[in-house]
Amino acid sequence: MIGKSAFRGLLAAAALVMASLATAETGVTDGSITIGQSVPLSGPAQELGIEMQLGAKLYFDQINAQGGVHGRKIKLLSLDDGYEPDRATANTRELIDKNDVFALFGYVGTPTSLAALQVSNPAGVPFFGAFTGAEALRLPFNRLVFNVRASYGDETEKIVEQFTSLNVKRIAVFYQNDAYGKAGLSGVEKAMAKRNLQLVATATVERNSSDVAAAVKTLIPAKPDMVVMVTTYKSSAAFINAMRAAGSGAQFYTVSFVGSRALANELGPDGAGVGISQVVPFPWSRTLPVVRDYQKLLAASGTGRDVSFTSLEGYIAAKVFVEGLRRSGKELTRDKFISAMENLRNFDAGGFAVNFTPGNHNGSTFVELTIIRKDGSFLR
106 MIGKSAFRGL LAAAALVMAS LATAETGVTD GSITIGQSVP LSGPAQELGI EMQLGAKLYF
166 DQINAQGGVH GRKIKLLSLD DGYEPDRATA NTRELIDKND VFALFGYVGT PTSLAALQVS
226 NPAGVPFFGA FTGAEALRLP FNRLVFNVRA SYGDETEKIV EQFTSLNVKR IAVFYQNDAY
286 GKAGLSGVEK AMAKRNLQLV ATATVERNSS DVAAAVKTLI PAKPDMVVMV TTYKSSAAFI
346 NAMRAAGSGA QFYTVSFVGS RALANELGPD GAGVGISQVV PFPWSRTLPV VRDYQKLLAA
406 SGTGRDVSFT SLEGYIAAKV FVEGLRRSGK ELTRDKFISA MENLRNFDAG GFAVNFTPGN
466 HNGSTFVELT IIRKDGSFLR
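In the numbering used here, the protein residues as written are 106 to 485.
Check each hint, because a few of them may be wrong.
Stated by the list, open to error - Straight-line Cα separation of at most 20 Å, SDA-like style, residue types lysine to any residue; simulated pairs:
1. K435 with E447
2. K435 with N448
3. K295 with F268
4. K287 with S353
What the hints assert, rightly or not - Simulated restraints on C-beta separations:
5. K479 with K328: 22 to 32 Å
6. T438 with K479: 51 to 61 Å
7. G481 with S406: 17 to 27 Å
8. S137 with G481: 37 to 47 Å
9. A170 with R391: 20 to 30 Å
10. A298 with A170: 46 to 56 Å
11. R397 with E199: 32 to 42 Å
12. S270 with R397: 27 to 37 Å
13. N247 with G176: 26 to 36 Å
14. R478 with S406: 24 to 34 Å
15. R397 with N247: 13 to 23 Å
Hint data in this document are derived by calculation from the structure and do not stem from the laboratory. Note that beta-carbon positions come from the ideal geometry of N, C-alpha and C, so glycine has one too.
Use the sequences and the hints to build the structure in full.
Okay, structure coming up:
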């Protein structure tokens, strides 16, 4: 038979347990923080998802090996969406409803991210570091969304600025017929209008397709001097090869989402001279600490993969995310994480600056231009 004092002790202990459970945040335990990711791990855009996941895991695994953040190890659950919005929606529901994730991290693509937000916004789940520069993830302001990379508007402005300064004015756009492609098209149109110029032509390709015949038929008669491409690597490569075969002498330039390494591999020697805007530092450089650290971890990972812009972006996004967790303190909640991120002013991620405020969750405007060499390497 339990005495009164012992019984009161059991009640007090039970109350403490109940209080702890009541205040515990979704996806957070004493030893772990679970976050979710939906990316293309199969299909024509799979390299983008594989690289983004790889870069993030390099950093998360290093942090976990050091004991985690405030004693909690980070668990990244990655699901394959094939770069299809419907699958991204289903994956997001599964991650939130079944896996009870603390946050969503490192999604790949505009249409897939926008689909995911339809699920994550009502659930109050932070959406962090997506691999997309779409304006729709930036405006209107969303307290749950944090963008580490520059926008497509920043990238297309840089591209148009560069070529119009060289008196290249006959510019066309080849874009993916979805939210991603239309976001890039809008960026180019704004950059052209700023200079009182208009596009000579536009043409589209469907998502996850390399059927570019109609696009080539549309653009060849317009005789563009440059074509800005807002597609993924397989359709971009097919388009470049088909345009050249049809006699076009245009310069081809694309935004960072294309997947630079994958595009270079698809084109082989024919990639020489193709330009790509980038939103992270040059991953082959040894100048910046963040790049050196990334290179070291990748070399030791045993994956056999070369450095790339995409996996470096995943690495940087993971580093910024972890900094937010650190600054949230031991008693981690989603609200504390968001507040900590909003006070991440001029954070130096190792030579890459990130700045968030309560009214601006766009961490960077960094853009630089690169060109593919004949051997598949990149020239800044």
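Between A298 and A170, is the Cβ distance one that fits in 46 to 56 Å?
holds (50 Å)
- Query: That 22 to 32 Å hint for K479 and K328 (C-beta), does it hold up?
  - Reply: Distance hint for K479, K328 holds at roughly 26 Å.
For K435 and E447, compute the direct alpha-carbon distance and say whether it is at most 20 Å. Distance ~18 Å between K435 and E447 Cα, so the pair holds.
key: Assessment of proposed distance window 20 to 30 Å (beta carbons of A170, R391)   = Holds - the Cβ-Cβ distance for A170 and R391, about 24 Å, lies within 20 to 30 Å.
13 to 23 Å as the expected CB spacing between N247 and R397, which holds or is violated = violated (34 Å)
Exercise. May I ask you to test the hint 51 to 61 Å on the CB atoms belonging to T438 and K479?
Key: At roughly 53 Å between Cβ atoms, K479 and T438 fall inside 51 to 61 Å, so the hint holds.
Notebook entry, point to check: Has the given pair, K435 with N448, been kept, meaning a C-alpha gap of at most 20 Å?
Noted result: Holds - the C-alpha atoms of N448 and K435 are around 17 Å apart, at most 20 Å.
- Query: Taking the beta carbons of S270 and R397, is their distance inside 27 to 37 Å?
  - Reply: Holds - the Cβ-Cβ distance for S270 and R397, about 33 Å, lies within 27 to 37 Å.
**Asked** Under the criterion that the straight-line Cα-Cα distance not exceed 20 Å, is the pair K295, F268 satisfied?
**Response** Holds - the C-alpha atoms of F268 and K295 are around 15 Å apart, at most 20 Å.
Given the hint of 17 to 27 Å, check if G481 and S406 actually sit that far apart at their C-beta atoms.
-> Given a distance of about 21 Å, which is inside 17 to 27 Å, the answer is holds.
Notebook entry, point to check: Between S137 and G481, is the Cβ distance one that fits in 37 to 47 Å?
Noted result: holds (40 Å)
query: Is 24 to 34 Å a correct range for the gap between the Cβ atoms of R478 and S406?
result: holds (26 Å)
Violation of the numbered hints given earlier is confined to hints 4, 15; the remaining hints are satisfied by the structure.
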